[in-house]
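Let chain A serve as the given structure and place chain B on it in line with the hints.
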Amino acid sequence: MMRFLIHSPVSHFARELPEHPALSFNGQEMSYAALDAASNQLANALIENGMKKHERVGIFMHKSLELGVAIYGALKAGGVFVPLDPFLPVERLQFILQDCQIEHLISTDKLAKQISELTNASTLRVYGVSSETPFAQTDWRQIREFPTTAPDVSLIDQDLGYIMYTSGSTGHPKGMMHTHHGSISYARWGAIHVDLTPADRVASHAPLHFDLSIFDFFSTAQAGATVVLVPEPVTKLPASWTACIESERISVVFTVPFTLIEMLQRGAMDKRDLSSLRWILFGGEPFPPKHLRLLMRALPETRFTNVYGPAEAPSCTCYDVPPLEDDADEPIPIGTVSLNSADLIIGEDDSECGIDEEGELCIRSSTLTKGYWNRPDLNARVFLRKDSFGPFPDVYFRTGDLVMRRADGQLRFLGRKDRMVKTRGYRVELDEVEAALASHDRVSEAAAFTIPDAHGSKAIFASVILHGKGDDATTAILQHASNKIPAYALPQHIEIVADFPRTSSGKIDRKRLADQQTETNGSRKPGQS
Amino acid sequence: MTNQLLILDYIRTEILHDAGCSIGVDDELLLDGVLDSLAVMRLVAFLEANTGTAIPPEDVTLENFRSIGAIAAYLDQPSASP
Chain A
0 MMRFLIHSPV SHFARELPEH PALSFNGQEM SYAALDAASN QLANALIENG MKKHERVGIF
60 MHKSLELGVA IYGALKAGGV FVPLDPFLPV ERLQFILQDC QIEHLISTDK LAKQISELTN
120 ASTLRVYGVS SETPFAQTDW RQIREFPTTA PDVSLIDQDL GYIMYTSGST GHPKGMMHTH
180 HGSISYARWG AIHVDLTPAD RVASHAPLHF DLSIFDFFST AQAGATVVLV PEPVTKLPAS
240 WTACIESERI SVVFTVPFTL IEMLQRGAMD KRDLSSLRWI LFGGEPFPPK HLRLLMRALP
300 ETRFTNVYGP AEAPSCTCYD VPPLEDDADE PIPIGTVSLN SADLIIGEDD SECGIDEEGE
360 LCIRSSTLTK GYWNRPDLNA RVFLRKDSFG PFPDVYFRTG DLVMRRADGQ LRFLGRKDRM
420 VKTRGYRVEL DEVEAALASH DRVSEAAAFT IPDAHGSKAI FASVILHGKG DDATTAILQH
480 ASNKIPAYAL PQHIEIVADF PRTSSGKIDR KRLADQQTET NGSRKPGQS
Chain B
0 MTNQLLILDY IRTEILHDAG CSIGVDDELL LDGVLDSLAV MRLVAFLEAN TGTAIPPEDV
60 TLENFRSIGA IAAYLDQPSA SP
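Same order as they appear, the protein sequences are chains A and B. Every letter in the first sequence is one number past the one before it in numbering that gives the first Met the number 0, and letter 402, counting from 1, is 401. Every letter in the second sequence is one number past the one before it in numbering that gives the first Met the number 0, and letter 55, counting from 1, is 54.
Same shape as in the complex, but just chain A:
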């Protein structure tokens, strides 16, 4: 059987376990047979409307059973799916649609208003929307009239499967291209590492545009297990999330430390039966040991794994966390490389670092991105070619993450080489935040920085210098920036200042700004922003 493509397992399990649930959402289930048939109908509808192999297909949806149909429909038509955050500002959505030339967009009635605000998109066709938009449309009723047989599309595993956009330092997001081969390698790693079986119910907690979702959907499909799509409102409310784990009997979760710390502190865990939860994977940012220890104690039967990997090279290292000692406060290692990856730690001059020496982590992996869409400048910079034998250099991705190898072989994460930060697991380029603030008419200069927050993560703050004098403009500036960058990247607080502290070379001293703000923030009352 052909198992080289991301969507192959769905057709396989539609034959082997036809009635077994592939997806579950809000108490409703969709079987493998139904998912296979519905995604074939969507694929046929896309092709009938002119979609060609390798074309990008936007998926702009909330969590729903149709989201699963959209992913597999796009893939079966030979398309490259592009997850689009349903909470994205329209300006940013528009940028991505144009950047990778999306002409086929799968969405939902709930987002018809945002779609209607798109301009310069005369050739766009929207699927799954019945409410009127200015664009050509094919709704679900029409899609269901197409044949349930798979379209004849020839793909190989080197073809692209998805493009995932993330924060870019230039002020625009950048799209990482991933092949079927890379996605399957990631999916198989996950399915094997946590030993998934059809009995598992794996949460889809992270949004689709966050690469944890590749594990959620595709590792699960590798094993013929069930994806439990967690509604977005539930992911924001820890007490509803723990209720969801209980009622959906979720067995495996891959999420960020922020979600787990919130669950520990506000999830009323003692009032729920969470015994179904056999494995928690976490990643995206460091998990403070003091919180992790408490969580592990609250869930003594659950196994915990720290998964490291930028979205360019997902799950390239991992660490199965042993029971933590009471007084252990050493950071949790990111472990050792996964079986489909190799690592190289290099110093300033690209020479290899020894034990206990700090350097940049470079990764060679079968999960590695093909590069950034339409960004030859970046692609020339981020890959390191190292001669191994003959004329075939090994290609490594420069992660920008600083690590050191301990004497026991475990890697320890030490920080970033550049200005990318993680806030609640989301990747944010502070340069992009500054660009969004500085694009407001009143702003002369902007400086964004992070300070530690109370939830083991980092909060983004900003200081700005205004042109001339006038009213307090912070509200207007935040409102303006919210049209350009996602909500999670918006500064929680903006301070208007006359000037910034500067280093001797005249550069903005963002560290001093952060220190000043940390002090002020400590004295702020709860509820104030």
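Hints in this document: simulated from the structure, not taken from any laboratory. Ideal Cβ positions, reconstructed from N, Cα and C, are used throughout, including at glycine. Any given hint could be a false lead.
Distance condition first, Cα-Cα at most 20 Å in a straight line; then the derived DMTMM-like pairs of lysine to aspartate or glutamate [unchecked claim]: (1) Lys-109(A) / Asp-58(B); (2) Lys-270(A) / Asp-58(B); (3) Lys-112(A) / Asp-31(B); (4) Lys-416(A) / Glu-357(A); (5) Lys-421(A) / Asp-35(B); (6) Lys-112(A) / Asp-58(B).
So these bits of chain B aren't anywhere near chain A, every CB distance computed over 10 Å [to be verified]: (7) Gln-3; (8) His-16; (9) Ile-22; (10) Ser-36; (11) Pro-55; (12) Pro-56; (13) Ala-72; (14) Leu-74.
Only chain B this time, still in chain A's reference frame:
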């Protein structure tokens, strides 16, 4: 000020940074992306400080926090401890 107005005012000024924006008492706060998880935490802290009501974590559910109307109804119910 009624609880509804208090919540509306806080969401407009502190969360959406747009004092004039239109938002209805029955609008979906979480599905429409008005509140994210951090904003929910800030809103709960604000409500506890300004209404004198203790809000236990298990009460911060979709049922009680889906809309401004739902939050106000939750705060107004007699069992909420003043």
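Results of checking the hints against the structure:
no. : hint                    : result
1   : Lys-109(A) / Asp-58(B)  : 27 Å, violated
2   : Lys-270(A) / Asp-58(B)  : 12 Å, holds
3   : Lys-112(A) / Asp-31(B)  : 11 Å, holds
4   : Lys-416(A) / Glu-357(A) : 11 Å, holds
5   : Lys-421(A) / Asp-35(B)  : 16 Å, holds
6   : Lys-112(A) / Asp-58(B)  : 32 Å, violated
7   : Gln-3                   : 18 Å, holds
8   : His-16                  : 4 Å, violated
9   : Ile-22                  : 14 Å, holds
10  : Ser-36                  : 4 Å, violated
11  : Pro-55                  : 8 Å, violated
12  : Pro-56                  : 4 Å, violated
13  : Ala-72                  : 17 Å, holds
14  : Leu-74                  : 15 Å, holds
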